[in-house]
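As given, the protein sequences belong to chains V and F, one line each in that order.
Per numbering that gives the first Met the number 0, numbering through the first sequence is continuous, rising by one, with the last residue being 306.
Per numbering that gives the first Met the number 0, numbering through the second sequence is continuous, rising by one, with the last residue being 306.
Hints listed in this document are in silico derivations from the structure and should not be mistaken for laboratory results.
Fair warning: this is a prediction, and the values are worked out from it, not measured in the lab.
Identical copies look the same in the list; a pair holds intra-copy or inter-copy alike.
For lysine to aspartate or glutamate, the following EDC-like pairs were computed, each having C-alpha atoms within a straight-line distance of at most 20 Å: (1) Lys298 to Asp143; (2) Lys133 to Glu170; (3) Lys298 to Asp147; (4) Lys263 to Asp2.
2 protein chains.
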Amino acid sequence: MPDIEIVEVSPRDGFQSISAFIPTADKIAHIRALHAAGLRRIEATAFVSPSAVPQMADAHEVLATIRADLPNLDAQVLVPTARQTERALDAGAAHLVFVLSVSERHNWGNVRRSPQESAQEYAGVLALAGAQTKMRLNVATAFDCPYDGLIDRHQVFALLDLMIPMAPAVEVALCDTTGRATPLHVRTLFTEAMARYPASVRWAFHGHDTYGLGAANILAAWDAGVRIFDASVAGLGGCPFAPGATGNVATEDAVWMFEGMGIKTGINLAALIETGQRTEATPGAQTGGRVRRALMARKASDRRIDA
Amino acid sequence: MPDIEIVEVSPRDGFQSISAFIPTADKIAHIRALHAAGLRRIEATAFVSPSAVPQMADAHEVLATIRADLPNLDAQVLVPTARQTERALDAGAAHLVFVLSVSERHNWGNVRRSPQESAQEYAGVLALAGAQTKMRLNVATAFDCPYDGLIDRHQVFALLDLMIPMAPAVEVALCDTTGRATPLHVRTLFTEAMARYPASVRWAFHGHDTYGLGAANILAAWDAGVRIFDASVAGLGGCPFAPGATGNVATEDAVWMFEGMGIKTGINLAALIETGQRTEATPGAQTGGRVRRALMARKASDRRIDA
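Chain V with its partners taken away, still in its complex shape:
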């Protein structure tokens, strides 16, 4: 049994940042490779408006195929509304991720409603999901907002005070959407949230590495007691507010850190690096992370020494 859970988000948070449509078969092959590397929980796709995010237009086919092919994969899918939840359930979704933003402006930009309206929408999503569907709540801009800057923790708690009582056993991910959170901020927010809400809540951290604090923020969340972390192979996923600056924490960097600390992830690093190398070749991919490049450079250098 792994000591922590890494949730691979490249098929959703990574692919959505690529404008050229990735063939559905390639998306499915990518998920299969991640599963073969040991990942057992993958954010497979998003049920969102196909006109807003054309890359996710094949959500139904991707989810239905991997649900049939990989029975021991926990495939979670993102949904922003009750209407999209119906689509996801039709496709066989067994694990939903409801997303909303703490920041008013960011939530309007993302889903064209206020955070309070999204909280009401969440009630509808919960009713549709019922007890048999797993649920996660993704709280975006929980630390910092691209429009409003630093987010006060009381604003986060005001929103969670509305939402957690609706489903007190749901997993809650506090998301550093911009990558501008710092380790003390991460540690403090999780420590306070854990003290404030019932022990039934499972906490997760979704971070970005845009400012080089991806690993440090994961460590800070782990210090606070978080055991579920989102990451994206090859760091796939750009930050729309900083073109050229990569986004998500690379899964291989997180695996490297945890395994190096004796904390088991259940993931095969060599297989993951190979998947990362193929991912980097995806047209339009913005990749990042350090471990893959260091290990590949080392391999190249060993070859030169051998030759």
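With chain V's structure known, arrange chain F on it following the hints.
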């Protein structure tokens, strides 16, 4: 007064990784720019064999010039032997860094003697330095060695047990030479070292970012109570064992993290980023770090929006 001390090492650890000779005037201009950005302690050069490291052949001129020009700069210089210490003192050195490796093989490769012989050499260096010269002890491969892998802490303590009693008030830097240390390792080694040796020892951490743990390891050292950190603007400095993989923690990444946590560094980030941009243009420079690229990309994007 800053809350922590950042020691800029690019003129030594960064420049020594570049094979094409950097004109002495450019080295001096680089140090002046770093000083203007608020850095008050800089590892300015190394007094080593000019045949082994031709880049450092102008050590005397670099040190003598900046000592005259920047009286409030604490300019430390690296010395591996008593003989090189004499050269450094002739050039006006007021702050010496004696370096040796815990790992037998690494120390032989670096200075052609055993760690125990280097410890004896240290006695000679201390005698030459006297009470009026500041001293730091750099303990390389304190966590991991490129040849021997993970270093046992008892091997570190066996060496420190020889050396610290020779000068119990000297600053000691534990160096993660390969970048393969992990945060729990860093936290544990510093915590145990602080408990084992007299309170007069000031501890410093020198880390590398090769595997993406630069910031996380600095955070771990800070958690343990370390307040002195080495860093290199633009992450300058390759790792000779992983060509293509950058090395030192970028000073701007460290400043970003600490200032974001409300911990004052005394350094002007914008001026530092400008120096980093110029540093990146140095022929042969291997640069890294995330903050500079994210902020420059953001700036470029803002410009596009304005246009």
